[in-house]
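Guided by the hints, dock chains Z, L and X onto chain H, whose structure is given.
For the record, the sequence lines run as chains H, Z, L and X. No gaps in the numbering here: position 189 of the first sequence is 189 in this note's numbering, and each next residue is one more. No gaps in the numbering here: position 44 of the second sequence is 44 in this note's numbering, and each next residue is one more. No gaps in the numbering here: position 187 of the third sequence is 187 in this note's numbering, and each next residue is one more. No gaps in the numbering here: position 8 of the fourth sequence is 8 in this note's numbering, and each next residue is one more.
Worth flagging that the hints you see were computed from the coordinates, not collected in a lab. Be careful, since some hints might not be right.
Claimed, not checked - Below, in silico cross-link-like pairs of lysine-lysine (DSSO-like), each with a Cα-Cα straight-line distance of 30 angstroms or less: (1) X:Lys234 - L:Lys81; (2) Z:Lys105 - H:Lys238; (3) Z:Lys105 - Z:Lys209; (4) H:Lys208 - Z:Lys163; (5) H:Lys18 - H:Lys28; (6) X:Lys59 - X:Lys11; (7) X:Lys227 - L:Lys83; (8) L:Lys110 - X:Lys208; (9) X:Lys26 - H:Lys208; (10) X:Lys115 - X:Lys234; (11) Z:Lys365 - Z:Lys283; (12) Z:Lys209 - Z:Lys224; (13) L:Lys150 - Z:Lys163; (14) Z:Lys209 - H:Lys208; (15) Z:Lys365 - H:Lys258; (16) Z:Lys344 - Z:Lys167; (17) Z:Lys344 - L:Lys138; (18) X:Lys227 - Z:Lys434; (19) L:Lys83 - X:Lys234; (20) L:Lys142 - L:Lys179; (21) L:Lys166 - L:Lys210.
Unchecked claim - Here's a subset of chain L near chain X, in silico, CB distances under 7 angstroms, partners left out: (22) Pro56; (23) Asp58; (24) Ala360; (25) Gly362.
By construction, the Cβ of each residue, glycine as well, lies at the ideal position given by its N, Cα and C atoms.
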Amino acid sequence: MAEENTQEYWRWTESHWKNPDIRWEDAKIVTVGIDVGSVSSQAVVMTDGQLYAYSNMRTGSDSPESARNALNFGLEGTNMPESRIDYCIGTGYGRVNVPMADRSITEIACHARGAHFIYGPEVRTVLDVGGQDCKAIRCDEKGKVVNFLMNDKCAAGTGRGMEVFADLLSVPIIDVGERSFQVKEEPESVSSTCVVYAKTEATGLLRKGWQVNEVLAAYCSAMAHRIITLIERIGIEKEFAITGGLAKNRGVIERLMKEIGLEPMHTDWDTQIAGAVGAALFSYALVQKGKGRKK
Amino acid sequence: MAQYPTEPLKCWPKAKELRNKFYENYKQAHEKGGIRCMGSAWALDAVTMGLGRDVYWITGEPYGASCAFDSPLSADFLTAAENFGFSRDLCSYMRNYWGSIIVGKYAFGGPLPKADFAYTQHICCSHGKWYQNACELEGGDVPLYVIDVGVGACPPFEPEMYKHRVKYVADQMLDSIEWMEKITGRTYNDELFFEACWNDMRLTHTWAKICMLNRAVPAPLDEKSIYSLYVFAALQKSSAAFAEFYEELLEEVEDRVKRGIAAVENEQARVMTDTQPPWGFLKIYRYLETWGLVSIGSLYTFGLEGMWVYDEDRNDLRPRPMPPEKPKSREEACRMLADWHLSKPEYQHFYSPEYKTEMMDAIAKNWRCDAIIMHYNRGCEGLSVGIAENRLGLLERGNKVMTYEGNMGDETEFDLPSTETRFDIFLESLGLKKQEA
Amino acid sequence: MIEKFQEWYENRHEYQEKYKERTGNKIVGYFCTYTPEEIFYAADILPVRILGSHEPQDVTEPHIFGMFCPFCRDVLAQGLKGKYDYLDGITIGQSCLHLRQAFTSWDLHKNPGWSYFLPMPNHVQSKRAVPFLVEEYKLLIKKIEELAGKRISDDDLRQGIDIMNKVRQAMKEIYEFRKEENPPITGTEAMYMTCAQFFTDATEFLPVAKEVNRELASRRLDRDPGKRIMLIGSENDDIEYINMIETLGERESVGCTVVVEEHCTTTRYFWDEVDTDIDDPLRAIAERYVLRTPCPSKDWPQRTRLQRILKLAKDFRVDGAIIIQQKFCDPHEADIPFIRRFLEDNGIPTYFLEFDVTVASGPFAVRTEAFLETLEAEEDLF
Amino acid sequence: MIIAGIDCGAKNTKAVVLRDNKIIGKGMILTGFDQITAIRESLHAALKDAGIDAKDVDKISGTGAGMEEIRDADVRVNEVRAMAKAANFFLPSARTVTDVGAEMGRAVKIDENGKVIDFAINEKCAAGAGAFIEAMARALEAKLEEMGPMVLESDKSIPMNAQCAIFAESEVVGLIHARTAKADISKAIHDAMASRIVSMIRRIGVNKDIVMIGGVALNPGFVDSLKRELEIDKVYIPSDPAFGAAVGAALVLAEET
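Only chain H is shown next, with the shape it has when bound in the complex (with noise of 0.2 angstroms):
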């Protein structure tokens, strides 16, 4: 069980990043997104609507801390006034308890936005798996949501979900993609979707003697399969672009291309920021169009 590992092997590493090639003392607008979700916080900071610094840590139980805490992070080494930030929305589950935010939208339209920039203007299928919830969207050329889904009651193929499962197969979940393809050969799935219950069937699965990259390979699937429903239910329109946090784990995307027969669009940028990105672009608009705050 989870409680006896001494290490947490859910736990990705909290990162930040600072664009090289751009001195922020000459931008003429500095916005701001900031994306607290359930699982994760992202703060974005753009100059000109250039992605100029971001940070991506876990998300506390106090969602003001945990806002400030991204937008530090995002300025560390930056010396940076917060003062010189034109405009600030938050976004994600705790969009409201943003402190230094001007307004809030939500992480449905932020993550198309985001996808928009990051991915291309083509993207017209946004499939973001988060911490809790997995989110089919549609949108427009400009980045505009059409329409959307989102998974009901259960939070089978969810982010959390596969945290849960890296823990009970102490794998840490940076690696449980690439080791759910050192597999001789693709294992049925897990028939189970159900977090819980998957963990039981996992444990079933080891005592019958399972290689844990099988169980991996099998847990995978099944998380695909799961998404699956969600898209076809939306119906897939290329191009189609996946964000948020599972983006990165190459066993369940590779396995649910391979599935709906799609290629997804490439990026180098990292896809847990899509939200904030959104949020920092619709500010930049806001600002351009004098909407901004008054100063």
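Just chains Z, L and X now, with coordinates in the frame of chain H:
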């Protein structure tokens, strides 16, 4: 361990042949210049027979069950229905049926033949909606007629079978006849209707007589076989061929009883069940046999397609006697058929669970059951109505009752290992011993 | 005066118990809006609708199998917990199997001495439905007369019709205000009103409704109405949810006002009146219930709800519709895919939500808000 | 006569040693993925605790999810029968016994001899088992053992509809973001779970006296919620409730020999 002689039913080959022919006929209806009709297994199909001997039926419930037998196919159908926007908790026969239309596949090979019209009845929330949506999914050009039979319980559960209730159902039948003439352009033949009407009553009467024979120890029929036999009443009650088949079956089963032929050679104890089984997992009946258990049937297999009279004073069921003579007028035939069907045991629980509890208790006592195993069927709202009250009522009446959850037509809602564990716990508490094979 | 509705909604039991003491009249609880209230009023019996309490409970598990809707279990729980011990009788007009179980189990375990199942016809599109229902009403009347201890005359029936029609008219007049640019009455308040009508004596409800009507003429609400939303679907008196989405605007950049609903707690229940030009009062009542906006379980072979919903949507100029469904509600589940397609084809965006005894505010807030954002043509963001 | 009872559960494996129906030793080991080892070690611990060695044991009785793995068991007893027998042993007046473990919830109606009359098993719902509280503890960033005691600090009742353990988790996250006190959230969690268990108990009827066994019985917060939901003042909990099924299994065997 064997203590009784057993042997397979002689009529098996004929049963298989009749069933296959039925589904073939529906496919080839148009080549024969005939008419295709879709509707519920509960529908009053006899009324459509006045259009001619070449009206070929498909009934949604048995068809949905046939889909459920083929799990990959069923999975496709259920997914298609869900992707269209239908909720996963709707009737699983219905979802298989809609899925079959959406995917365009016939469970018996080839594309799904399109019905010329739909003719059904409405007792549960879904019956009318089922074919309303089926017609829409078929392109919106399939005409639909639904007969509402939700008029309340029959005696002894109501003071009387009020005339106006029978009339309401009969009048809808009369209206449907004019409607059918309009949409098919055929002239309606009352003689054929009277004949079909009589076949319906003959068949459902005979089925009840066959079920009566299962009171014998050892039971000549086990429920797994009963499922494959009772289905004819679900396919087409008005079929002369099916009515004759039941009469032959009746003779064979009488003979088995005379000769003490058992369905389960090691019959130690007897149970009855409730509601449709999880069709993809009929092996649970074989599992029960390893405990020396025979399932003698259920209110579902006895009372959905068999016609009975419930005797309150003796707490017993007996086959409802046939009317003295065949109907002579269209009105009389409609009234007769309405009155006959409104006494269907499986209609009564829709008005109060107590009625069903009493009839189930009567079966448990008179068919000498040691226990009752109830399937809490997530797939059928109609037969699960009041089922929890039935359980309480049967316990009160001193029966041993066990329940398990599942779904008749969606295998993702059935868990075989945990169900077998339940059986073990329950049967052990009855003092039975598992017999090592 | 408008607060009165909320007061009645929140203190339904207190009101009803006091009503009995005060008037000495009997009270019959009914489970479905296919119960002809006119006939009960004609007998000086107060018909009150039984709704749930939106509190999680654990008393119905032995009585109703978990695949049936949370509403019917919530309703039964009220009876099993003894909250309605003051009732003199219970009744239901046939509609869905779910709610029927709340009635049959209540009847089995909490029978107040008088109970009646009315086989309201399902084939309401058949010409045979009205004559059949008239005969059923005659049986019902016999039964009610036993309870009331008095005969019910045609004039009594006409009075029953009169009061129910007046109440319906009053509520429809109030709904008129919801067509305004900035409605002086919120969806939350409107829901309090229609539900209060279930719980109170129509003769006491009517004057209050009339007074509110006068107040609304001059009432101005200091709030941005935001998007104009229609709610469609199963039984819904989830005031917590309605209030949550109507106050979104206070916290978020998008907000909305519920301007009309198609629920059996609102328009499906009261929109249609009894035609007083029909001489035979029983026939008139029967026609009203046969021709009223149907529950989907009776809406076949034609799906008549589509046009009725579209008309309401247009009359109240809605920007979008939220389709609300009680978990496991089969009748609505069978209609929803077609209703959504129909509304989308008619330019009305829809979003779907599945309701339980309690709503999960967090997840439901973000879904609703995101839907409102899709309605918002805020080009400044792009 | 000396009999060992072993309960190989989803989370822990428990072993007890009985001499003439008196408990003389106990041992508990995390089951993990290797049940065989857990079974061996738990028995070893129990023997050590009893101060006897393996050869002194006359017979072994097994129960629990992994009972098949108890190779040298003389009999295997299903959990329901074992818990019924145990309850009768702990409290002869017991008529209802509930066993809430890591991933299972059960309720059994028994007669004066500890015979099973009726039973209910929590169907596919983690919200009705210990695993639920563990999942919630993570969301609350609280230690599992803190969860129960916290409940007693709260007097609020927040309705929570625990359909799915993990979805409930997002309700919990919602409450956290709404700045709800941890104690109140913990109470909501325990109430929700207790209500699932009580629903199950009501299926077989609430007949006094009520005995609770299984690891969750050690959680004071849960027991508190359970009593409130059941509207009763006394739920009898034996010392070391986690060993209940193991004791029951041993007693069944003792009875048969």
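Here is how each hint holds up against the structure:
1. X:Lys234 - L:Lys81: Given pair Lys234 (chain X), Lys81 (chain L) holds - Cα atoms ~21 angstroms apart, limit 30 angstroms.
2. Z:Lys105 - H:Lys238: holds (28 angstroms)
3. Z:Lys105 - Z:Lys209: Between Lys105 (chain Z) and Lys209 (chain Z) the Cα gap is close to 38 angstroms, so the pair fails against 30 angstroms, i.e. violated.
4. H:Lys208 - Z:Lys163: At roughly 66 angstroms apart (the allowed maximum being 30 angstroms), Lys163 (chain Z) and Lys208 (chain H) break the hint.
5. H:Lys18 - H:Lys28: holds (18 angstroms)
6. X:Lys59 - X:Lys11: Distance ~25 angstroms between Lys59 (chain X) and Lys11 (chain X) Cα, so the pair holds.
7. X:Lys227 - L:Lys83: holds (21 angstroms)
8. L:Lys110 - X:Lys208: holds (23 angstroms)
9. X:Lys26 - H:Lys208: Roughly 28 angstroms between the alpha carbons, so the hint for Lys26 (chain X) and Lys208 (chain H) holds.
10. X:Lys115 - X:Lys234: holds (22 angstroms)
11. Z:Lys365 - Z:Lys283: Distance ~26 angstroms between Lys365 (chain Z) and Lys283 (chain Z) Cα, so the pair holds.
12. Z:Lys209 - Z:Lys224: Distance of about 18 angstroms is within 30 angstroms: holds.
13. L:Lys150 - Z:Lys163: holds (27 angstroms)
14. Z:Lys209 - H:Lys208: violated (51 angstroms)
15. Z:Lys365 - H:Lys258: Given pair Lys365 (chain Z), Lys258 (chain H) is violated - Cα atoms ~58 angstroms apart, limit 30 angstroms.
16. Z:Lys344 - Z:Lys167: Holds. Lys344 (chain Z) to Lys167 (chain Z) sits at ~17 angstroms (cutoff 30 angstroms).
17. Z:Lys344 - L:Lys138: Since the Cα atoms of Lys344 (chain Z) and Lys138 (chain L) sit roughly 26 angstroms apart, the hinted pair holds (cutoff 30 angstroms).
18. X:Lys227 - Z:Lys434: Given pair Lys227 (chain X), Lys434 (chain Z) is violated - Cα atoms ~39 angstroms apart, limit 30 angstroms.
19. L:Lys83 - X:Lys234: Holds, at about 26 angstroms.
20. L:Lys142 - L:Lys179: violated (43 angstroms)
21. L:Lys166 - L:Lys210: Judged against 30 angstroms, a Cα distance of about 10 angstroms means the pair holds.
22. Pro56: This hint holds: Pro56 (chain L) lies near chain X, its Cβ roughly 5 angstroms from the closest one there, short of 7 angstroms.
23. Asp58: holds (4 angstroms)
24. Ala360: holds (5 angstroms)
25. Gly362: holds (3 angstroms)
Consistency with the previously given hints fails for numbers 3, 4, 14, 15, 18, 20, ordered from lowest to highest.
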